[in-house]
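Student: Sequence:
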Amino acid sequence: AACIGATWIAGGVAGTIDLLTKSLKPGGIILIGEPYWRQVPETEESAHACGVSSVADFRPLPELVAFFDQLDYDVVEMVLADQQGWDRYEAAKWMTMRRWLEENPDDEFAQEVRTELTVAPKRHVTWTREYFGWGIFALIAR
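Here the sequence shown stands for residues 870 to 1011, where the numbers follow our numbering.
Derived by calculation from the structure, the hints in this document are not laboratory data.
Each hint can be trusted.
Subject to a maximum C-alpha distance of 25 Å in a straight line, what follows is the list of computed DMTMM-like cross-link-like pairs (lysine to aspartate or glutamate):
1. K962 <-> D976
2. K991 <-> E913
3. K991 <-> D951
4. K962 <-> D926
5. K894 <-> E946
6. K891 <-> D943
7. K891 <-> D938
8. K891 <-> E946
9. K962 <-> E977
10. K991 <-> D956
11. K991 <-> E959
12. K962 <-> E972
Put together the whole structure using the sequences plus the hints.
Tutor: Structural data, given as structure tokens:
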């Protein structure tokens, strides 16, 4: 069972793991894709600049792995994005927005997309690139 980048569906990591467990055979593997703080923002304003509502939205990597342990799951594999991979992921979204704007200049969401395309590259290189990490974690219940 997997949830890659949408743990909000069940109120966070713990709730999502609980939800996924319901569809898992004994000994099965859960995959969780989750951001983590590479560097914890010193202020809530810095967290907001990263595009999140609160510093508490994510954990540093050691705390995230410890949290899986607290939930009685063994981490049996993990894949962590490096900064270049994170850059490619973010930049692909900018190209998608640009192409969408070219094809939909009069759409009711065009101004919102235009604003995001204007802000997102600066936000990424100023804030999220240094603060965010991303990983996919394979977990097996004890």
